[in-house]
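Same order as they appear, the protein sequences are chains A and B. For the first sequence, position 192 (counting from the first letter as 1) is numbered 192 according to our numbering, and the numbering increases by one without interruption. For the second sequence, position 329 (counting from the first letter as 1) is numbered 329 according to our numbering, and the numbering increases by one without interruption.
Rather than coming from a laboratory, the hints here were simulated on the basis of the structure. One or more hints might be untrue.
[Said to hold, decoys possible] With a cut-off of at most 25 Å between alpha-carbon atoms, the simulated DMTMM-like pairs for lysine to aspartate or glutamate come out as follows:
1) A:170 to B:103
2) A:179 to B:49
3) B:299 to A:238
4) A:170 to B:297
5) A:151 to A:104
6) A:170 to B:286
7) A:170 to B:114
8) A:272 to A:233
9) B:165 to B:307
10) B:179 to A:233
11) B:299 to A:286
12) B:299 to A:307
13) B:376 to A:238
14) B:97 to B:29
15) A:299 to A:286
16) B:376 to A:307
17) A:165 to B:162
18) A:376 to B:297
19) A:165 to B:49
20) A:299 to B:114
21) A:165 to A:155
22) B:299 to A:367
23) A:376 to A:287
24) B:170 to A:155
25) B:179 to B:241
26) B:299 to B:195
27) A:299 to B:29
28) B:272 to B:286
29) A:25 to B:238
30) B:170 to A:84
31) A:165 to B:103
32) B:170 to A:241
33) B:165 to A:354
34) A:165 to B:241
35) A:98 to A:75
36) A:376 to B:238
37) A:170 to A:233
38) B:170 to A:162
39) A:165 to B:297
Listed here are the chains, written in short residue letters.
2 protein chains.
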Amino acid sequence: MIAPQTYTQLYRDTLLNDVIPFWQKHSPDQEYGGFFTCLDRTGNVYDTDKFIWLQARQVWTFSMLYNRLGSIPLDGTPLEQRADWLKMAQHGANFLKKHGRADDGSWYFSLTRDGRPLIQPYNIFSDCFATMAFGQLSVAMGNEEYAHIAKSTFDQILQRRDNPKGHWNKAVAGTRPLKNFALPMILCNLSLEIEHLLDQALVNQTIDECIHEVMDVFYDPDLGLIRENVMPDGQFSDSFEGRLLNPGHAIEAMWFIMDLAARRNDLALVEKAVRITLDTLTYAWDDVHGGLFYFMDSKGHPTQQLEWEQKLWWVHVETLVTLLKGYQQTGNPECWVWFERVHAYTWAHFPDPESGEWYGYLNRQGEVLLPLKGGKWKGCFHIPRGLYQCWQTLTKL
Amino acid sequence: MIAPQTYTQLYRDTLLNDVIPFWQKHSPDQEYGGFFTCLDRTGNVYDTDKFIWLQARQVWTFSMLYNRLGSIPLDGTPLEQRADWLKMAQHGANFLKKHGRADDGSWYFSLTRDGRPLIQPYNIFSDCFATMAFGQLSVAMGNEEYAHIAKSTFDQILQRRDNPKGHWNKAVAGTRPLKNFALPMILCNLSLEIEHLLDQALVNQTIDECIHEVMDVFYDPDLGLIRENVMPDGQFSDSFEGRLLNPGHAIEAMWFIMDLAARRNDLALVEKAVRITLDTLTYAWDDVHGGLFYFMDSKGHPTQQLEWEQKLWWVHVETLVTLLKGYQQTGNPECWVWFERVHAYTWAHFPDPESGEWYGYLNRQGEVLLPLKGGKWKGCFHIPRGLYQCWQTLTKL
């Protein structure tokens, strides 16, 4: 076993000297505001559409880093350089505030470069990431307007949560009333993100509900895994959607749960989250080529997702976070063994030392499938958040 | 060069002795009617949802084969065996007629096994394939009710064509008003399918419009290829959708165009379709592993489609049809050279001699990605139609 401290410097330096500078250099749109996120291998912009998920996530990332690291001593990263992080966050927030919302306050899915709406506000996760962005930035700035945007968006999410897609929902109501894992999973995290803006009773109630949904309703004890879609009462639906497993989603949720459990000193909850993580890893690890599959079918049938066997950046970096938090909170040596295995695969395949930042999409064999650093879904979020979380957790070991 | 006649027997026998019997044996749902289309490698049912595209396409396939082959001498396939084809078509049509339509006459996207609606009628291609199915079956049966279903569905398609997704459309009207290649491409084919039910002036007008759309509007002469999405006036949109190329779609459309050109004795149109086919093949052929890519970007940028590099059954079988028709109509030797190359790749990778029928989804390397014979999108359609078209065209060489 290599000492944990060996890894600390790698995660820290990659965050501060590679990933964050890459986005600072290549993503700001100085003409129209906001960020370019479609960046090729070397950082050239290959498409100018602005996706609200990624605009908001980048605002969040720079705000979060500023809030956590903006004023503490940090070798080699002077304070004025970190003040630029706050400017980046404000740059994105201005664009979002000006162009991001429809008349009813819900957030569009995407905009043109100059801010005209392209895709309607059908996707509630646009609202989730906007809440995170303005919540973090309101802390950094002490800005009441930003706080209000975060709070009012959060209130709308809670109102929309039972039918988030509204009239864009293609499912016939009642025939197969499945509910999806993503929203309760994100609400776990979101309620902590804007805790400073919420009534404490609402925070506690939301957290209680989310933990119950994730660990009791979506977790299938017979299968030993978390399902992506279940019937309203948590029962299994033997359908494509009901059989679907999204291992990266499940493992990412486990570190949200571990954070909540740590806050409550609930060791049993941490232990359960660690068990689910390890069982998911065993199930979803590709024994032939290494790495974690993107989608699986709980009965081993073919998935509808043609990309099921691909290896994605966020799946792997979120897994590293979960394993380190699990190890830190329980000392379970299986977490460390798996951390070293996933670390080795991840660092051998995703980073691009030549041009900076990380690739996002690999084929099953671990070769680069799309030579992009950013696109419609990959932006300045999972890699920097994951590197930050790993770095911080490693320093506690 | 191997003589064309060498291939004829292979295409014929595979259709009549392998593919059609596979669907006859494994797909009928004797309890609730209609067809199972989610069939694993050996034909076992792994999911029971009923997708209107595939229900209708299977009705069409069995009706078409009955109409073309039902009463002619055919070695080794007695007449009574072919009468079963008509029973299969009726079996599917009964289910569709009973359960397939919403109150306004539009066709749902999918149903449960017992016919309850699952996914709303947001997808106009459900209606297109229903039209084809009932149009062909009305010929076989001389059935007025089937003819009426085909005709009224076709009329609704024409009414919906400018906004086919209705309120399920997520694009904000006006910002980037792209139109998609699939509908004009299918209307080319559809108007001939139900010609017997339409006013001749409407048929001619629809065909004229479709040829113009496909060959002038979606074909980009500077690029030398057909685009999947263009601005209303045919101009290029430098966006993910605007840069998208779908080589299999373009090549499939070329044999619809060749059929229309043959009907009009328009040799210049055939020659143009052959040129587009050959240029698309040169552009989309994978020089490393063989086979045709599924999606590409006209500027060489990363696509949004993670499955871009995969090799799909329909792309390859439709290409074989186009190349043979092009060769038959023009004698261009490039068509035959490409036919032999695509034939060799296709027959080496897609058929499954052990369990019958063909695989649908291969990875870039040509290995089986999903070991299914049928699913949400692959049913009893492209393979039998392609084998039939190739067989018939080969006999004319």
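Practice task
Please name the hints from earlier in the document that this structure breaks, with their numbers sorted from lowest to highest.
Solution key: Result: hints 3, 4, 6, 10, 11, 23, 26, 30, 33, 35, 39 break, sorted rising.
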